[in-house]
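A.B. asks: Starting from the structure of chain V, add chain P where the hints point.
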Amino acid sequence: MSLVVDAVQATIGASEPWPDDVILYQQYQVEQITLPDYAQCLAVETFLHMCGLRFRVEQRTNAEEMSPSGKVPFIQVGPYLVSEFDPVVGFVSTKGFNLSQSLSDTERSEMRAYISMIENILGNAELYMAWLYPDIAAEVTKPRYGCCYPWPLSWILPWRKQREVRARLEANDWASKTCEEVCGEVRTCCQALSERLEKKKYFFGDKPTELDAMVFGHLYTLLTTILPGGHFTAVVQDFDNLAQFCKRIEDSFFKLAFD
Amino acid sequence: MGTVHAKAPTVDSQPSGLKTSSVSGDNKKNDVYVKFDKLPVRVQRVVVDGLTRTKDDVVIKEIKPLLGAKTFDELVQLSYNAKVKMERLGLFKNVVIAIDVSKDKAEHGYEVMFEVQEFRQIDGGIHTTISNNDGSLDFQVKAPNMMGRGERFSLDYTLGTKRTHGYSAYFRKPLNNNPDIFVGCTGYQFHGEFPWSGYKQTDRGMAFDLTFPTFLGSHNLQWEGVWRDLRALSRDTSFSVREQAGHSLKSSLKHTFSIDSRNNPVLPSVGALWQTSQIFQVSFAGGIMRTLDPRASICISDRFFLGGPLTLRGFNMKGCGPHSHDNALGAESYWLAAAHVYSPLPFRPGRGRFGDLFKTHFFVNAGNLGTIDFNNLSASFNDMFTTLRWSYGFGIVLCMGNLARLELNYVIPMRVQKGDKANPGLQFGIGVQFL
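Residue numbers (UniProt numbering), protein chains in the order written: chain V, 1 to 259; chain P, 1 to 435.
Excised from the complex, chain P in its bound form:
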């Protein structure tokens, strides 16, 4: 955050504006008391220093309200608002505001100086990301404030541990100088391998999106068109997966609505139940998909899979549900529920420091996946619950930088269906999505 400087008035060079305001000369002669909320101001000049590629019209639009300031208090508030908004728009890295009396000594005359620091034309970085049991290295080159109106352009190259790689280009532009409303456009190519299902896929796609806020939360509307090229991973790939090889086009419209008020996204705390600081948490997830065209079938890369060390523990990665020659086929609907009791490490080693990142937990999780027959809903739902899989166990959770989560668990699968790949005993998981 920047700082707001206001010059302290000195006795010798007291501006006329201050002299007229409440000066109490009773206590000490040199003490000056100023009521900022009553101090009238007239902004005569606003100087923005440090502009090179940012367009004048954007800055003028943000600065203009300052000219209407009536009191000193209001002026400070408006200057601060302009600074925050310009920073949020991605125009400047840093903005320092200096307020001074105007040089021509006019009555109540002030001038405001914005010292702005623009972003570098081209910026870049290398960072690592962790997704579920997979890590990747991302190389990014970005051009912040590319065309001088808060536009952002970035190029990404991703290299994953499981022979995944891809690149993407993204451009976004705020609309009407509002940092919360923006349009984005992206183009990408991504290659991934899915050994649990025995296929690899190259996605080439483009997407357009519009983000806008409402009083409830932020909305994102996105249209995406993807050309998917699915191929068998090896000669051992089962024929039912191989049959789906080939090119397909997916056009999708997605609406994302998000309200984020979590204090900690990795180890959320939904109410403390016991005073000994155990945390009880129950989560549920589920999904059903259906094709709009009754003749069409759902491609394997769109289906739901279940199982893995952070979802349905006690099973191999995507190890639940129908398999054909070791390749998971997935299903069109699923549900998954998990209950955890978290408590701190026994004897609390490293309390207040490193030890707080670790927690022990006991858990029970259950889930199922299958096909919902829309003509016979009750029987289908019944089936989804009677053939459920469940497991329980305990382990240690480590949360890393509020981003990723590491779990080492001892799991006992209790109900396993035919074709499932259970993984009883010790199981290690790392990832960002979990239940």
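The following block holds chain V by itself, in its conformation from the complex:
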């Protein structure tokens, strides 16, 4: 149902140009947002920057509940609300902004494959580390998730979210993995990305694509977020070209945006 609505919205929205007052909603970055959500937000932000589109970020404590799909981030373009990475990419392309236009069909399907690999492996690994690894869940994720609510909501809501994430990871067999196994999965994923990137500037040559936005969103989050144990940071740092890639994207798309 919501896919159909998305598609219809995207088609209607296509007839209008990119307005000036586009807003991206996410939770409070410093105090509130959790690791998996931040990776998703950063990926969408990077993608919009790569497309050269104007937008501003607005931080709301209730961004997750405001979102039509219940997940962050979402963008408000005029009367339309679009949430999560794929629908945003779809919506933006109907406005004539498409990063993967110059790719061949084979390259495009290769790109899709890498994107879904990241969503599967890094997405689940982040959820596992943030919500199921006891130290991090208790010391970092749960207090952050509940920080803007009064007691007892500050306790109930993170607990409920944790239960939700656990059910999701149990359904796809991630919950039973050990921390080492999860780090192993992340290493395999980084290995594959590192081999695809080699010494190139971006994954598909000189121009950034959706994949670059996605990879940056996740890896930059893993590299810069300091968590007890620091498992993922250590894994990603082993791949020099990926660390440099993150630095490069940060310099070219974010330094400018911040200045």
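Derived pair list, reagent style DSSO-like, types lysine-lysine, alpha-carbon separation capped at 30 Å: (1) K161(V) to K200(P); (2) K359(P) to K162(P); (3) K162(P) to K161(V); (4) K250(P) to K161(V); (5) K162(P) to K254(P); (6) K85(P) to K142(P); (7) K71(V) to K250(P); (8) K71(V) to K200(P); (9) K71(V) to K162(P); (10) K93(P) to K142(P); (11) K93(P) to K64(P).
Simulated from the structure, these hints should not be mistaken for lab results.
C.D. replies: Positioned in the frame of chain V, the structure of chain P alone reads:
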């Protein structure tokens, strides 16, 4: 109500107590005249039959005064008081009192027998309730006199017509054996949809309350804590409503004071004005809310809304005041006034029977809602009256079982403000709260 039995004395077996009292043997030998208010009694035994789970201490406390009865009259009165109180405490379904002379034939000796019928351990029921333009089906399981001291416990599940549903558990206990003073505790979850504002909300809460009487009326003090989860109803929900989605906690202290002396709550009669039995009625309602913390804003589910077939007629349900993309946003204050003239149906069909439930009425109602600026009160109040909405019309009112009210009206809205959703012409309303 139960009955009080007193054995009629017969000539053969006249108890000694009666013989000494005023017996006038002048008229007829068999006639016995007894002055109950002078007849001395000594209660020797009180038997309570039928107790299973009711605790002895509660019953003893209610029965004890009987032992102090001096005259027969007093004994009957005290027995009756004990019966009423025990029934009001929710201990028994029915109490039958039997007073007899005592078996050992002691002088003035009496014994009192209470035959009590306890409630079933578990009772249940299904019933329908009607609120404003919404009906619901309630399933209830209750345990009256659960722990034997008049405690009441009930579980409720409610299913409404407008996709509302919820359940609640309620426990209450009378304090110090007094049926008018009791403490209550409730926990509930309720889900409701509010299509006029484009949101749905799940409330989970608990409340503690204390009810006590004073010479003026009954007071109820309640503390309530609710966790509210507000969500946009659909993708079409306007952004100003969507912005308020999320979790919030409301802690409130409520004092309810009630004096209920109405003869008929659905069609109240405040003085008959004309002899042709028209009834003229004027009502007024209003409200202002303000946050204690000046930085906080008032959540949409707390705000006032106005409009609908039983409040400000001639407008859609919650159809007055600011809207954003068809979603009513509500306001922080409102007032509403209505004047009705009721008269019986023309030609009085079904007089004295069904026809008396119907009345025709003409009405004028006016109201407004807005924000009161506490720094500029006079201008705010002025504004509330200059931008008022009003309408008039006539129709038929049906009152159903003193509970709900049905109205079919023809309404003409006379002043409508920008953003209002007026509903001129025929309008049908059903509900319990009205003005």
